[in-house]
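The residues making up each chain are set out below.
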Amino acid sequence: MVECLTLARRIDVAAAQKRLQRLGAHACEPAWVRLWATGLGMADGQPGAWLLSAQEMRRALLLVGAELPAQKEKPSAGVKIDSGSPPTPKALDRLWLWERIATPRHWRIQLLDSTPIPIWLPCWLGYARGRHLRLTVLSGLSGETLPMLKPIVLKGLQQVYQNGQASAPKSSGASKRRETVV
Amino acid sequence: MEGFTLFDTVVLIGYISLIAWIGSRFGKDQHNPEDYFLGGRKIPGWAIGLSVMATQASAITFIGAPGWGFEGGLERLVTFINVPLAMIVLILVLVPIFHRAGIYSIYELLERRFGPATRTLTALLFLIARGLATGVVLYAPALVLAVVTGWSVNLTIIIMAVLAISYTVMGGISAVIWTDVVQMFVLWLGALLSIFFLVTSLPGGWGDVFDFGAASGMFNAIDLSFDPSVTYSLWAGLLGGFFLHVAYFGTDQSQIQRVLSSPSVLDAQRSLLIGGYLLIPQMLLFLFIGVILATYYQQHGLTPPEDLNELLPRYVVSAFPSGMAGLVIAGVFAAAMSSLDSALNSLSAVTVRDFYSRYIKPNASDAHYLKASRLATIFWGLYATLFAFFAGNLGPVIEAVNQIGSWFYGALLGTFLLAIFSHRANARGAMAGLIVGMWAVWAVSALLDISWLYNNTVGVAVSMSVGYLVSLTAPAPSQEQLSDVMMTEAAPDMQAVLAARADNAQVIGKEARLTRRRCIGLFIWFCLMLGMLALLQGWANEWWANG
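The listed protein sequences correspond, in order, to chains Z and U. Using our numbering, the first residue of the first sequence is number 777, and each one after it goes up by one. Using our numbering, the first residue of the second sequence is number 9, and each one after it goes up by one.
Quick caveat, the hints were computed from the structure, so don't treat them as lab data. Don't be surprised by glycine CBs; every beta carbon is placed ideally from N, CA and C. Misleading hints may appear alongside valid ones.
Stated by the list, open to error - Stretches of chain U that chain Z covers, calculated by requiring three or more beta carbons in the stretch to come under 8 Å of a beta carbon on chain Z: (1) 147–155; (2) 272–283; (3) 374–381; (4) 389–402; (5) 453–462.
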């Protein structure tokens, strides 16, 4: 079983708050989303970028850099959301093929033949008030918004909430919310 | 009249070779994948925005808009006055949904919402409409080449088609954003120099332009007539042009492709913002050149060319100093290539993704799909070439592109809006709305005397209302079909989850919504532009009344 790497959080709380504030959020919290990283590079070469995906994601995220910016410590504070199993190799191939057709510049870059590595991607979750409460998912690496992760995050938050409610009667009086890996 | 000199030819060839060299140096010969990906990210947002503008319209604007201005002054600016409003709708409604859905072609969203038949039909409509419009885009540089060389336009169309297809099949250079930026500046420089040379050649300078323009009503940009047969009334521009541009920028894969490829929604918004702010001033600049050219032709007793698209290229070749004409013509060429490259790429991508890989070869190898996409590029290049032969008969190229779009885009946009806003609409309704919407556009333009700008409004209104009513005859869509267009966090159970989390999350200070600010900025810009046109019109009429 491949060990799950933890990517180092580059956007600190102050920077995340600043960005989320611009997007209308009134509250924020850190989070970790478990995805699967597959190397991208020239044929028979070293990875120069990584495709971050999950079975439920329709388009993958691109992480540029020869090495995954991993840290030694396990994910620190924040809700942890597991996206489930990795896409099949065939699905990954197709995913990358369409990315390449959509951006012909990427045509020469290939998906390297390697097992997907599980990684914890640091994120920031912003909550914005309005007619409804709205969620914004921000990358903890680049600070970019990641709308494609939203369905996974929402599902994960719902699971965390249900787990918390299910365990509430057993641990009555527990005031602190439990953050579980789902 | 110097004509196109040998030095101009040297500059033309030198410029195109330089652009091609930059393209191959920075776009292809990078062996480190990191460079491929980081290339775009190191470039500032404004450059990306200008590059988007260069891809969109620069060559046909350079050629078509002066013809428009020559013929009708600033009246046709109302076609574009709505662009900031259209961008607001894109930023607020379409872009977030497209981005969140994680789609490559926007027609995929319609498949998830309405089923495969709707996706296939809408993608087919895009291919037909964009293929025809690409013919007009191909015609523009061919016309310039014809003016410069004196060869027949049909021959230059074939030459341009061969160049554009081979260049796209080989990978194109549109990856290099800086070359687009350079082209944009060359074209604007060409426009400003044209104004300078034209105005200085008039004995009374600007006074002559304003006299002639005011006397012939060329500054009357705002026509408040409610008569729907008035093609360029303010209402036609606001109501019809608005839907035209929402559809053009939001449901045409060749335009939305870059937005879908943007790393984030904010980046996507930024490129739309630049278009929202710059498109009106750019059109105003080129329409104004048309007005100045009209003054110039009148004062010099010249007969305008039969094809008004030739006006500005002819002037540039005859009046610009040797070398400068070559540079500007090269800018038109390079910009046209960038537009053609992008259009042919999106046509080929939709052909392979929405048709070939679904219906003909679902599980072929990457190499096979690459070959298929190249063959598709050649096919669409030939299709566009055939249409380019007729493009000269359609009047100013810029209007031709918009008119072609208006036959299809209204119904297409109506289907997207139905998918997003009506949770009751289903596949049967969407198909009925799409077909009846297009039929209504055809019927209205054939039977009624109304401005072509309203075609889009008719298409949207009919496709949405027919789509909704027909949907009532079939079961409502499932929750899964609605998942892309419904804000899942708005469901009551999800709101409870989010409220619980938000209550325990760190509070951030005062809200400052970037998207809202951006949209307000665009709305203020729209009001400013409209106000400025009204002032110009009032002032010109007063100038003329006071002699």
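Coverage of the region 374–381 of chain U by chain Z, judged on three or more residues with CB within 8 Å: holds (count 4)
Cβ contact check, 8 Å cutoff: the region 389–402 of chain U against chain Z, three residues minimum: violated (count 0)
Coverage assertion for the region 147–155 of chain U with respect to chain Z, Cβ distance below 8 Å, three residues required: Violated, because only 0 residues of the region 147–155 of chain U bring their Cβ atoms closer than 8 Å to Cβ atoms of chain Z.
8 Å C-beta criterion, at least three residues: is the region 272–283 of chain U covered by chain Z: holds (count 4)
Per-stretch coverage check for the region 453–462 of chain U, three Cβ contacts closer than 8 Å to chain Z: violated (count 0)
The structure does not agree with the numbered hints 1, 4, 5 stated previously, though it agrees with the rest.
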